[in-house]
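What follows is the residue order along each chain.
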Amino acid sequence: MTSEYIYKKVGSIVFGLLSPRVIKKMASVKIVTPELYDKEGYPVDGGLMDIKLGVIDPGLRCKTCNCKLKECPGHFGYMDLARPVVHIKYVKQILNFLKYTCRECGKFLVLKENLKGKGLKGFKTLKDLGKCPHCQAKQFKVKFEKPSSYVENDIRLSPIEVRARIEKISDEDIKLFGYDPEYARPEWMILTLLPIPPVTVRPSITLESGERSEDDLTHKLGDIVRINQRLFENINAGAPEIIIEDLWDLLQYHVTTYFDNEITQVPPARHRSGQPLKTLSERIKSKEGRFRYNLAGKRVNYAARTVISPDPKIRFNEVGIPKSVAMELTIPERVTSWNVEWLKELINNGPKKYLGANYVITLDHKKKKIAEETKEQILIDLIPGCVVERHLMHGDICVFNRQPSLHRMSIMCHKIVILPGSSFRLNPGVCTPYNADFDGDEMNLHIPQTEEARAEADILMQVQSHIITPKNGYNVVGCTNDAITGNYLLTDGLSFTREEAVQILYSIGVTDFSTIKGKNIEGKDIFGALLPRNFDFIGNSRDGRIVKIEKGKLVEGFIDKATIGEDNGTLIRALYAKYGEEAGIDLLGKLFRLGIEVLLRNGFTTSISDTDLPENVVSRNKELTFQTEKKVEELIQQYKDGKLEAMPALTSEETLEKHILQNLNSLRNKIGEIVFEHIQGENSTILMAKSGATGNILNVVQMAASVGQQSLRGGRIRNGYRLRTLPIFEKGSLSPLSKGFVYGGYRTGLTPTEYFFHAMTGRDSLMDTALRTPKSGYLYRRLSNALQDLKVEYDLTVRDANGKIVQFKYGDDGIDVHKSEGGKINVSKIVKEVMAYG
Amino acid sequence: MEIPSGPDLYTKMVKKSAVKTEKKFDVRTHILVPKHIKMTPEEMEELMKQFNIDKKQLPKIKRTDPALEGMSVEKGDIIKIVRKSPTVGESFFYRVVVA
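Here the protein sequences line up with chains A and B, keeping their order.
Those letters in the first sequence? Residues 1 to 838, by the numbering used here.
Those letters in the second sequence? Residues 1 to 99, by the numbering used here.
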């Protein structure tokens, strides 16, 4: 290998067509026979695997450049076509040339003086012209017949005729069509010679049985050569015109499918097994093509993928990995005089014992596998400067990812913890940024291999640096579910003995117990024990009441979702702002574990009796339902009498629907209020909804009282073909029951009709999500591709990769949303803080 | 009924519709259309200096853009657009006139 580099800058690129001359010039061999190998298995001269086309077998040398495998880039060949054929990718362009030039003299069908620089576009109706303005020859309409023939006056033009016609077009006229005649003469769109790609483009695979399996392209080219030969023979033998035409069409078919095997109206060429061949277009096109599969995305080493499962005991910025993964992935460790002994120990452990090493890279860059037999020699040869690829261990850095990576938070850096089992373990708190759950999700893990990569991941990509989202400056990671419930219970009246309190605090990692004094410790004090002593905070809980922390002590209010939850957890952000990322994530972790620990000790459960309603509530609900029903009946009567006044821009039917919906919705809300009022006493289900841990009051109402109106596409359930939703109702019925109002709650159960309507909306929403996901995914792909290299410059302008301005000030105000609160900067708060610190 | 032959009728119709559209609505008076102001050469100079750019790097606007109707602008002029912005109230945008 040479280490000489040639520095050159691409000045310009010209796209053009290959002319027969160029095809011949770049070819190193003429292909004449469809045979690939002779009896000895040696490539046939003039065959498709001719060694002048390059080498794919180790040991052989290329006859053109005398290079070995991997040195020879491969060389083109060419083939004479017995009759010209149309290049399928240029059929439309050829049609244009035929349509807009004279069939006799080949001139453009408009006089120069009439052109006035309008170009082709202004002359869509040229075909009606009738006569050539230059030679007065009569013109006929040329029609294109899919896939590749042209018809004039119901007579098919052969490619020879087509070629003869467009050959006549002058260079000047070609420029009118927008082509540069030097690089793209239109007659080159009709192939007389076919370039044969080098064998390196279509390597054959040797199967285990020793059999050779050729590439799809080679198969296709073989077909072309074979038909071509037959055509030649028939022409020379003077065969009847029909036979020649048939063979010619066949040649056209093979050349067409060689370029593109997915053209409509052309049956795709297939393998013997029936699966379609992958020819040139399919190699390049779409998701599995060269661009998106091989160039835009690449396979990598040092990566792992398994199922994820939760572990609330590990930290937010840690990830648990199984030993089997830790022993497969490695980190290169350079040998120095300080770590030789340690690394020798690892080598001695080898690849099969944990905390060993798999490979050693010697000073001359040779990679040696560590095995029982090679171990001793490697240990002797180990000198500073070598590199040992050792197993992963606690504290190593990795990059963790879950697809779809829509976010920068979808790829974050975690520290490794080795855990038993076979799944990746992550703290349930970081599910939100990854949008992960544990119903079988898998995630990817990558190990950065250089010091730079590790430093970059460590500094820029750690979880704690991404808790505040650039979307609105709120926190994506916070307490959820049990963590919130636990903290809520703790700060809302729970108390423990001092022993219990110390146990709880110790189990979450707090060791300073000096703030908790006395025999009985209040929950608020336990909560305060993990806060820094100099922490002051004033915020609101979900119900708007004040939460006050003074000198690290919770003096007023209780903790719920509004203070420690995801998305605008004010306390979390205050901690972050004051103590920074490192201490912030630590405190957040402690808060999270505290909540869980409290629930663990206190016990927490839900039961069906949580949805019990007192007798008076049930009767009040009944009364309310009855009233609403009556009201709806009245409305329907009004409508039937024609007395209902239509609202602006609505028909009377629509007005009625709107009124009924309003009434039914307000019924559910009223029932909700009553239910909430009466089972407000400490009840697990309500408590979870109130603290913001999971669920909301509506869910409770749906369970305890009534599920409410089922809505399908923004309205009540619509009638079928016979003026009703189900045959048990009267025709034209508008009653709530017949239109999908569910009186029953999930606890009491649904009637068959109610159940049916409920299933209708359930199916609809399922369909909706199933259809929406791929659609929005594609939309997002296009958006992100369009915006991917926009960048905010130092002068706060947004520019693209060419330096063109897209926005003169980022977001008009130049605010970094990541460092703001909901997109705004609270100046008075900053001033106050600065003043306080002097 | 006999149908009058092609081009004559057509030109008549075109002329008629042209008369009608003369009284058409002026888009520049619409609330959603921001103010478009032509910059003086000095202002243009200053703008280029401020962002350290040349005209090619600016966003473009067509000379035939409805918002420029009635203004005497030429290719190469820069139009200052004053927009209402939810973040700062009033924001400025600049576009260079192209053919």
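These are calculated hints, taken from the structure and not from any lab test.
There could be a bad hint or two in this list.
[To be verified] From the derived model, a few chain B residues whose C-beta atoms are all more than 12 Å from chain A:
#1 Phe25
#2 His30
#3 Val33
#4 Glu42
#5 Glu45
#6 Pro66
#7 Glu74
#8 Lys84
#9 Gly89
#10 Ser91
[Claimed, not checked] Among chain B residues calculated to face chain A with C-beta under 10 Å, some are:
#11 Asn52
#12 Arg63
#13 Ala67
Predicted model only: the values in this text are computed from it and were never measured.
A virtual CB, placed ideally from N, CA and C, is assigned to each residue, including glycine.
Evaluation of the provided hints:
no., hint, in the structure
1, Phe25, "holds, 23 Å"
2, His30, "holds, 21 Å"
3, Val33, "holds, 18 Å"
4, Glu42, "holds, 19 Å"
5, Glu45, "holds, 17 Å"
6, Pro66, "holds, 23 Å"
7, Glu74, "holds, 20 Å"
8, Lys84, "violated, 10 Å"
9, Gly89, "violated, 9 Å"
10, Ser91, "violated, 4 Å"
11, Asn52, "holds, 8 Å"
12, Arg63, "violated, 17 Å"
13, Ala67, "violated, 18 Å"
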